[in-house]
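Chemist: Spelled out, the chains give:
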Amino acid sequence: MEPFTTLTAVAAPYFFPDVDTDCIIPHRFLRKPLSAGYRNFLFHDERLAPDGKEKPDFILHRPPYRGARILIAGRNFGCGSAREGAVYALHDWGFRAVIAPSYADFFRANCLQNGLLPVELPESVVETMSRHAEAHPGAVVSIDLREQLVVAPDGSRHRFEIEAARKEQLLAGLDDIGVTLQRSATIADFEKTYFAQVPWLRPNRAS
Amino acid sequence: MCAAKTMFDKIWDMHVVCERAGGEQLLYVDYNVVSEGPFYAFNGLREEGRRVRYPEKTLAMADHYTPTVGRSLGLAGVADPEARVMIEQLEQNTKWAGITRHYGLMHPLQGIMHVVPQELGMAQPGMVITGADSHTSTNGAFGACGFGVGASQVKHILATQTIWLRKPHSMRVTVDGELGRGVSAKDVILAIIAEIGIGGGAGHAVEYAGSAIRSLTMEGRMTLCNMSIEAGARVGMVAPDTKTLDYLRGRELAPQGDDWEHAARFWASVVSDEDALFSREGRLDGSVIEPMVTWGTCQDEAAPVSGVVPDPAAFADPARSSRAEKALAYMALRPGTAIQDVKVDRVFIGSCTNSRLEDLRAAAAVARGRKTVVPAIIVPGSMTVKRAAEKEGLHEIFLGAGFEWRDPGCSMCTGANGDRLAPGERCASTSNRNFEGRQGRESRTHLVSPAMAAAAALTGRLADVREFI
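Chains as they are written, first to last, in our numbering: chain Z, 1 to 207; chain S, 1 to 469.
So the derived label-pair ranges between C-beta atoms look like this: (1) M106(S) x Q182(Z): 39 to 49 Å; (2) P137(Z) x P318(S): 21 to 31 Å; (3) A4(S) x R47(Z): 46 to 56 Å; (4) T217(S) x P33(Z): 37 to 47 Å.
When the alpha-carbon atoms are kept at most 30 Å apart in a straight line, the in silico DSBU-like pairs for lysine-lysine are as follows: (5) K192(Z) x K167(S); (6) K53(Z) x K326(S); (7) K10(S) x K243(S); (8) K10(S) x K167(Z); (9) K5(S) x K192(Z).
Hint data in this document are derived by calculation from the structure and do not stem from the laboratory.
These numbers come from a predicted model, not from an experiment.
Just so you know, even glycine gets a beta-carbon here, dropped at the ideal spot from N, CA and C.
Generate coordinates for the entire structure from the input sequences, incorporating the hints supplied.
Modeler: Put into structure tokens, the structure is as follows:
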């Protein structure tokens, strides 16, 4: 996973409530290997006409937003299916952060696994930021993960929350497995106690 | 003295391996379920040179990409080459990982990843179960915590048998009263989602309680818990009782002999203490729930079958209002239209929500001796369900009425296997998602119960099933 420290980039407004992951990437593309370029499938049915041509008025096709690295989204963003392909598509398009009032639990977890920073800010703040980004195409937002700070295009500063251990992992670009396996002994100890309580669940190879 | 605990607290607490800064806890996983989807997870493990910690603790099902016709041809019957690769890839990946419980295309127990493991007795009270699919919440019917996860987390679970999670808050939804005629678990969960909203359960583990919930069969409880995620909830659960034990007894993965006695004693303790406190409480009167129909493109956009398509302007929340307006434009519906006047082009009975024997019985009771007027397909949740239904002669009722009787898989819920609607087509569907494009590009979905879907097939509209039973 690539580390996330700071990001200053164009923000694209996509402030709709309850955007589901079927909308972010339709299921029929989840069979594709990552090498197929998941950016091609991002918001596919909304972004492209049935003949595959780009809809010029779609927000991510309008010139200043095409290079956006930050998506400003609505509440409960990424609801529905747990498909990680939704995050792959956003990341492959070039997004490195989303700013929204809230996320579906799966989506947020999947973001954290892929170095796509899910920033959560109050709905009124996000709405204002979205309006600003819409009124001033190309407006830039800055995110500092270490300081847990967002600087909006109007200069206002907003602190966001993130779990301390997650933050360190993102800053270092470490994925979960390596971190967890450092605790192998703790897991083995847990198993001893646990399977004493529920012996019928003991796997064949657990001691 | 210990403070009173909820069922969820008890299960969570006994699975915590350790905690780290910021509040995430490492949770031990009892069982994990995959389908063809998370191939990225296996690829990742291979690339990183890792192995699967306990292959016997993961079950693998071919379901999303399996064709529902031409099964006797085996892989050769999978017309779509990419779908075939997905099915083959799962087989190769499970072989590589040493996962022997692989229920592939031609396995006699093949079926949906939220139907087959339960038939095998995998889901037991007190467990933490993960799955590479949001509907893993289905396992909550057994008093287990079922967490759906993405592919990276699947990879982590395969490698470590654990998962990092923040503990959700607890919420209890109580439904008392006797359910009316023609009202099923599907209608109860649609009514609950309509009440709390599709993001209403976010960050929460929901326990369903009350007499209406207790009266549900295990299959009904699976339908209920299955759709918890459609309210955004992390987990949906029902406390184990004698129905749970009766269901589990003798199943392949259930404890046997002395282990059974030991397990049953433990399971009896995995219920919420009487004075346990929940962060949130909700309450519904089960006796007033009607058969439900979704009219929009989110599951909380639902109305009783006796109702009308609402006016978006009537929503107090401007976000809900604009969402409803967009939904009605997509669904090509006008406010004020009676739900029962909405015509459908197709009917789908199946999916991990409603493809079990009881669901098929409910549909057959409506279809018996009648004729469909629109194309309608029935896709059983598993080969076991299919055989049981055929033993009862349900397939003859369906075939006689003009339904297609297919082979198991996710089918038209996601359309991954090619069972899709054409653009603009409108479907009465027993699945769980009515999102834009869910059943095919520009498809229009109305979520209903199996009995309601059967009534729609017989009338070509969203008819009230109560007129047929």
